[in-house]
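Enquirer: Here's the letter readout for the chains.
Number of protein chains: 4
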Amino acid sequence: MLIVMDRTATPEQVSAVVETAEKRGYRAHPIPGAQRTAIGLTGNRGAIDSGAFENLPGVFEVVRVSHPYKLVSREFHPEDTIVSVGGVPVGGKQVVVIAGPCAVESLEQVVTIAKAVKEHGAHLLRGGAYKPRTSPYSFQGLGEEGLEMLSAARAETGLPVVTEVLDASTVDLVAAHADCLQIGARNMQNFELLKRAGQSGKPILLKRGMSATLEEFFLAAEYILSEGNPNVILCERGIRTFSDFTRNTMDLAIVPAVERLSHLPIVTDPSHGTGKRHKVTPMSRASIAAGADGIAVEVHHKPQEALSDGPQALTPAMFAELMAEVGPIARAMGRSI
Amino acid sequence: MLIVMDRTATPEQVSAVVETAEKRGYRAHPIPGAQRTAIGLTGNRGAIDSGAFENLPGVFEVVRVSHPYKLVSREFHPEDTIVSVGGVPVGGKQVVVIAGPCAVESLEQVVTIAKAVKEHGAHLLRGGAYKPRTSPYSFQGLGEEGLEMLSAARAETGLPVVTEVLDASTVDLVAAHADCLQIGARNMQNFELLKRAGQSGKPILLKRGMSATLEEFFLAAEYILSEGNPNVILCERGIRTFSDFTRNTMDLAIVPAVERLSHLPIVTDPSHGTGKRHKVTPMSRASIAAGADGIAVEVHHKPQEALSDGPQALTPAMFAELMAEVGPIARAMGRSI
Amino acid sequence: MLIVMDRTATPEQVSAVVETAEKRGYRAHPIPGAQRTAIGLTGNRGAIDSGAFENLPGVFEVVRVSHPYKLVSREFHPEDTIVSVGGVPVGGKQVVVIAGPCAVESLEQVVTIAKAVKEHGAHLLRGGAYKPRTSPYSFQGLGEEGLEMLSAARAETGLPVVTEVLDASTVDLVAAHADCLQIGARNMQNFELLKRAGQSGKPILLKRGMSATLEEFFLAAEYILSEGNPNVILCERGIRTFSDFTRNTMDLAIVPAVERLSHLPIVTDPSHGTGKRHKVTPMSRASIAAGADGIAVEVHHKPQEALSDGPQALTPAMFAELMAEVGPIARAMGRSI
Amino acid sequence: MLIVMDRTATPEQVSAVVETAEKRGYRAHPIPGAQRTAIGLTGNRGAIDSGAFENLPGVFEVVRVSHPYKLVSREFHPEDTIVSVGGVPVGGKQVVVIAGPCAVESLEQVVTIAKAVKEHGAHLLRGGAYKPRTSPYSFQGLGEEGLEMLSAARAETGLPVVTEVLDASTVDLVAAHADCLQIGARNMQNFELLKRAGQSGKPILLKRGMSATLEEFFLAAEYILSEGNPNVILCERGIRTFSDFTRNTMDLAIVPAVERLSHLPIVTDPSHGTGKRHKVTPMSRASIAAGADGIAVEVHHKPQEALSDGPQALTPAMFAELMAEVGPIARAMGRSI
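Chains as they are written, first to last, in numbering that gives the first Met the number 0: chain A, 0 to 336; chain B, 0 to 336; chain C, 0 to 336; chain D, 0 to 336.
No wet-lab data here; the hints were simulated from the structure. Remember, it's a predicted structure, so these values are computed and weren't measured experimentally. One or more of the hints may lead you astray.
Identical copies go unnamed one by one, so any copy, or any two together, can satisfy a pair.
[Unchecked claim] In silico SDA-like cross-links for lysine to any residue, where the CA-CA straight-line distance does not exceed 20 Å: (1) K69 / T133; (2) K22 / A33; (3) K92 / E324; (4) K194 / P67; (5) K114 / D243; (6) K92 / P327; (7) K301 / E21; (8) K117 / G326; (9) K194 / S168; (10) K114 / G86; (11) K194 / D243.
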């Protein structure tokens with residue numbers, strides 16, 4: 000932490016800051032400048048609470064320097080983490096494709112779609128049994144019945160299953176059926192859920208919150224890792240901005256940022272990230288070219304009858320086309336798919 | 000819903016849209032224009048899922064018109080709702096002041112602060128026993144013990160208690176101690192929690208999510224009301240923007256917007272809304288002048304030793320000054336305080 | 000500036016940073032910490048370009064500390080600046096009301112409105128002769144003819160005139176008619192215009208850009224002050240966010256922020272700041288309660304026939320009501336109006 | 000335009016809206032619904048000003064439907080536009096690479112860099128003679144002298160020149176030296192500059208404003224096209240958000256959005272779009288994979304001594320690596336480079 004003093008701060012005010020710091024166990028390093036004095040603090044484990052200093056007389060501002068995340072950081076764990084989801088490695092040389100319906104609607108629906116996406120090259124099946132819906136009047140998912148349908152679809156196709164868990168109380172139930180628990184953007188800072196999901200030991204696909212900074216995203220993952228569960232896959236799914244042509248704004252520069260600062264794999268969700276069907280394939284290509292370890296896309300065999308998020312779902316034929324287009328990009332990146 | 004066709008859409012494409020709409024139980028009203036045809040849809044209860052139409056051939060875009068919230072809407076319930084929190088009416092003529100520490104740290108701390116804020120005119124006591132913290136390494140609150148300290152502070156001062164509930168599983172426990180359950184910004188779309196809090200029958204202080212639109216905010220409240228609980232107090236606590244001089248950006252225009260569209264009371268939280276102690280009093284004045292039904296502010300008798308959110312907490316002396324400044328504004332608005 | 004090194008940075012990498020800094024004329028102060036070393040740089044006038052350091056081996060990040068503005072800063076000029084606009088002081092005890100049409104449409108229109116707003120207590124007349132319009136097909140203003148109408152309205156009512164200048168080439172022409180030049184949000188970083196407006200010596204009303212940070216806003220003002228013109232009035236007019244119930248989001252916390260960091264006066268524009276007529280009066284009250292030195296509002300005697308920005312214009316009757324409501328707030332703040 | 004009435008609107012209020020519309024030359028189409036009436040308006044050329052309706056009694060809200068841009072629209076001009084910049088086609092099969100220093104600093108500097116980027120495969124030379132700088136104390140460019148250096152670099156290398164014009168008064172001067180005029184993000188709504196640049200007849204590289212919607216971006220281009228100049232290249236350079244790991248957020252979904260709605264070519268600027276050197280190459284790959292017609296990147300042979308924007312400039316060696324990485328992506332897209 001760096002404490003920047005007012006230009007007019009007195010030597011006594013500087014001393015008072017130094018004393019406060021030392022009383023709290025830090026070492027204080029005053030740096031007298033041409034215009035003002037700054038004071039560097041060291042010796043802290045974790046983040047220092049800036050509140051102790053921000054309101055002392057003569058303090059102009061407090062600049063936080065160290066980052067409070069550790070376990071997710073590449074500085075502390077230089078090698079890439081590869082997460083195995085039902086035997087499929089995420090974060091390695093292969094680009095992973097997660098595909099399936101937004102919501103599980105019936106056994107016939109999920110099996111039909113699972114077969115279709117498998118045929119065209121998907122590695123993992125996605126599909127929601129519990130759906131977080133903005134309105135209480137929207138379809139909320141089939142719940143446990145939906146989980147059983149996902150298990151049946153896995154039995155039929157061999158595709159491991161990624162599905163969302165909405166609440167700490169259903170972690171065990173979802174974990175009994177899923178190969179990977181998804182924590183959605185709205186729950187990225189549902190800390191009880193993060194802890195319980197961490198305790199489950201299952202791989203976790205953690206989506207970035209709609210207004211989460213990278214530091215907050217990392218700290219949400221840190222909640223899971225600090226429960227002893229290193230199997231976290233980060234997922235960019237679009238942030239909220241003023242932009243008028245997509246439902247969210249995909250922030251693809253997060254892919255090289257994560258790669259630089261963390262050892263965890265990162266995938267993207269171009270379906271939710273754009274909210275528009277005709278942008279899913281271009282943004283899938285772009286994600287892989289940015290270096291993403293995988294993509295998650297929504298596929299529905301009858302998108303006009305889908306019970307949720309129809310506008311962004313691809314038909315199986317469109318998904319086949321997507322796979323035909325992302326293949327050459329993955330290979331241009333030196334990866335398989 | 001309005002479906003806008005391409006300029007080059009054929010009559011057959013228009014007919015296909017009309018048929019799709021009628022098959023789904025809507026009435027379709029084509030409006031041929033100079034440049035293109037638009038088709039209005041009526042007869043829908045709740046929102047129509049635009050997905051059924053957005054990808055039909057010849058469709059340029061789909062414009063949603065009706066709003067999916069009902070119970071929170073002033074159109075359906077013209078009279079103002081006044082929520083009683085332990086006997087204190089929120090949403091009436093009186094501006095309500097909710098004050099207390101960010102987190103409950105000890106019995107001595109919470110009682111000291113409760114007495115101080117009561118002495119200076121606060122109506123309700125706030126304080127967190129369960130704290131949502133961005134980092135797993137930050138103080139997470141005293142839990143049940145903290146709830147008991149809040150009960151003790153109420154017994155001592157007579158101030159009804161507002162405190163946060165973080166998870167559906169602790170709703171009953173928190174409700175046993177609190178006069179009003181607070182649902183925080185990070186949990187605004189934790190739908191399990193909204194439902195359970197609704198079922199508790201307790202008054203709910205619902206904070207706006209950091210990137211929530213007004214419609215999403217209303218729909219979160221709708222989850223609570225649709226459980227039969229009309230006692231919801233909305234709370235603006237700042238949204239996330241690029242702004243560089245506050246931690247969040249208080250969006251005070253929401254106060255007249257809520258007043259126009261909903262019957263629910265609205266208060267603001269200038270402590271979290273700015274994150275800076277010296278902006279709390281000016282934004283408290285501004286909130287009341289905008290028409291807010293109350294303010295929630297953080298007070299700590301030793302802010303430099305606070306275990307959380309020190310930079311924004313007022314000392315009791317500063318709180319006394321705040322009360323001295325907001326009083327004349329409330330009276331200028333024709334309200335008591 | 001503070002240079003934060005990697006945890007794994009070698010002593011040689013630290014030395015290389017120190018050398019680079021000293022070669023550029025700074026003094027370098029290494030601060031060895033428990034986890035990593037940071038290096039404080041002093042001796043710089045103005046901002047240091049971080050580019051020289053950001054890519055040196057072993058550097059984790061570069062944290063800028065000093066602010067590059069000077070002349071606008073309260074640190075360098077502690078006393079409040081009061082700007083006289085045609086004899087009306089802005090920034091003093093009196094809250095100033097600037098009112099008039101969005102665009103000058105005819106002599107009859109502007110004189111009618113000027114008389115009405117004067118009658119109800121406005122201090123300055125606003126009105127655009129040159130209009131920045133998003134679409135090339137929208138009404139672009141009457142130009143020089145409009146300026147003459149504004150001069151005529153001033154002659155008729157005695158109200159000094161505030162009007163927008165769009166381009167460096169018309170600064171002299173506008174300055175010949177106006178008592179105060181307005182520079183709009185879209186031009187906040189039109190640096191040629193800022194310089195020329197500064198050279199004119201006229202008071203300048205500088206609007207905050209839609210995505211400007213406070214530092215950028217101050218630096219835009221610094222362009223004007225550095226031309227020897229201290230007469231700058233800052234104006235908050237709403238920033239661009241995802242918010243769905245106003246056209247822009249008024250960031251009222253900027254009022255206490257400016258007051259703390261700068262000696263310049265600050266006013267707000269609730270008409271553009273909300274874009275909705277029924278929010279203008281509440282946000283006018285809130286602005287004054289936050290501490291603003293004035294408000295600028297749009298008034299039109301026939302808003303449904305206005306050639307631009309009808310939805311946010313008040314009728315003279317509504318303006319009279321606004322004045323009746325803001326008066327008590329100003330007085331509650333200990334100010335006259 | 001669609002006018003949505005209150006649920007409680009009277010038949011008289013509906014009639015009043017219809018009359019107002021017809022008086023203004025529109026046809027009104029009332030659509031009575033289950034809950035409320037909506038009224039579609041047709042017959043309008045260009046956008047209808049919603050102000051005439053928004054405040055009529057009984058009106059709940061006004062929904063704008065038609066888009067006010069025409070000339071930039073693919074609906075009005077289905078074939079792709081290919082803009083020739085000094086003989087280099089932009090918008091065709093070839094992906095175009097624009098490279099060079101942020102600012103022209105000396106003849107030796109710009110010629111050295113121009114030769115280097117040409118050697119590694121760049122098609123166009125970029126470099127600023129006039130620099131828009133946030134601070135008045137930063138290097139503002141060499142002006143006319145810098146233009147002459149760019150001309151000399153073109154003579155030496157054969158690379159056509161793209162350079163920024165800051166003000167309407169220097170359009171002719173810049174046009175005398177440049178093959179393509181760049182209009183920067185801060186000037187996207189400097190309408191005088193747009194008009195004058197349009198009149199110059201030169202190709203224009205128009206950068207998206209930091210908070211511009213796609214509609215505003217298109218309308219800025221429409222200003223240029225409506226002066227009879229169809230040679231506009233759109234450029235995404237990042238928008239302003241809360242994101243904490245880049246200077247701006249590149250909104251790559253704009254690439255397929257532009258492709259769908261407009262005939263104009265679109266390129267991206269990953270240097271300004273990220274502000275971080277190590278993100279330039281990944282985002283260049285992603286841009287091309289999204290379908291961009293080209294990229295603009297900053298290259299400096301001594302980035303640590305650059306007078307502006309050092310942190311994002313690539314060295315010639317890094318640029319060579321970038322070209323080696325984007326080539327396979329372009330070919331995977333079926334394009335040459």
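Enquirer: Now tell me, hint by hint, if it's right for this structure.
Expert: Cross-check of the supplied hints:
{"no.": "1", "hint": "K69 / T133", "in the structure": "between (34 Å within a copy, 14 Å between copies)"}
{"no.": "2", "hint": "K22 / A33", "in the structure": "between (28 Å within a copy, 17 Å between copies)"}
{"no.": "3", "hint": "K92 / E324", "in the structure": "both (18 Å within a copy, 17 Å between copies)"}
{"no.": "4", "hint": "K194 / P67", "in the structure": "within (17 Å within a copy, 33 Å between copies)"}
{"no.": "5", "hint": "K114 / D243", "in the structure": "neither (35 Å within a copy, 41 Å between copies)"}
{"no.": "6", "hint": "K92 / P327", "in the structure": "both (15 Å within a copy, 17 Å between copies)"}
{"no.": "7", "hint": "K301 / E21", "in the structure": "between (66 Å within a copy, 18 Å between copies)"}
{"no.": "8", "hint": "K117 / G326", "in the structure": "within (15 Å within a copy, 31 Å between copies)"}
{"no.": "9", "hint": "K194 / S168", "in the structure": "both (12 Å within a copy, 14 Å between copies)"}
{"no.": "10", "hint": "K114 / G86", "in the structure": "within (19 Å within a copy, 51 Å between copies)"}
{"no.": "11", "hint": "K194 / D243", "in the structure": "neither (36 Å within a copy, 25 Å between copies)"}
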